[in-house]
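Fit chain X to the given chain A structure using the hints.
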Amino acid sequence: GNSVTQMEGPVTLSEEAFLTINCTYTATGYPSLFWYVQYPGEGLQLLLKATKADDKGSNKGFEATYRKETTSFHLEKGSVQVSDSAVYFCALSDPDTGRRALTFGSGTRLQVQP
Amino acid sequence: EPEVTQTPSHQVTQMGQEVILRCVPISNHLYFYWYRQILGQKVEFLVSFYNNEISEKSEIFDDQFSVERPDGSNFTLKIRSTKLEDSAMYFCASSDDSGNQPQHFGDGTRLSIL
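Sequence lines, in order, name chains A and X.
For what it's worth, the numbering used here labels the leading residue of the first sequence as 6, then goes sequentially.
For what it's worth, the numbering used here labels the leading residue of the second sequence as 231, then goes sequentially.
One thing to keep in mind: the hints can contain errors.
Lysine to any residue pairs mimicking SDA-like chemistry, simulated, CA-CA at most 25 Å apart [claimed, not checked]: (1) X:272 to X:245; (2) X:272 to A:7; (3) X:272 to A:24.
Hints are computed from structural coordinates only; laboratory data are not their basis.
Note that the structure is a prediction, hence the values are computed from the model and not measured.
Here chain A stands alone, though its shape is the one from the complex:
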């Protein structure tokens, strides 16, 4: 079955540091890949997506590249801010196989200190 593996958290960084959150996946088809963010007390917000190999999703300074050869979709940001503190979820769907349900990773908590 499909699965998503994320690096364990929490990740604690100082403001303006470089962020990488690793995400790898297994899927039977050619999945679409997503990063969602959950701020404290809120729901899940789509951060970025990529739907085919070598696509780069980007939003709010965050980027992730769909790497089919390494089955990865690592999230990066060049300079984090305190306001980026949240839980980040990597997810996939596999619509080509008729499976639209999202499979989520376990989430990575990011804490950015001033």
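Same frame as chain A, but now just chain X:
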């Protein structure tokens, strides 16, 4: 920007009672979903709904659960006889009919079973 809205934000129910969680998906979306997140754990898929019927469901979605679209705007999740382990945050999501389009989530309903 259109949003998915969920009510109530917090529901407290006695074990064994029935509970109905309500969602208003984005108006032009055709696919609807329920997910749950037990405290501190990953987000898990429950069920998806399209064209007035269930299109996918997980092993969590057993006979105590049901979904309904009673009118043109609401989408509900009913838990018939709640158990302590049903305590979780329940998220509704919707997406349009394109396979690669992301799901948009509501802010969730926190369900507490006593």
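Hints versus structure:
1. Under the criterion of a C-alpha separation no larger than 25 Å, the hint pairing residue 272 of chain X with residue 245 of chain X is consistent with the structure, at around 23 Å.
2. Taking the CA atoms of residue 272 of chain X and residue 7 of chain A, the gap is near 15 Å; set against the 25 Å cutoff, the hint holds.
3. As the CA atoms of residue 272 of chain X and residue 24 of chain A are separated by approximately 21 Å, the hinted pair is consistent with the 25 Å bound.
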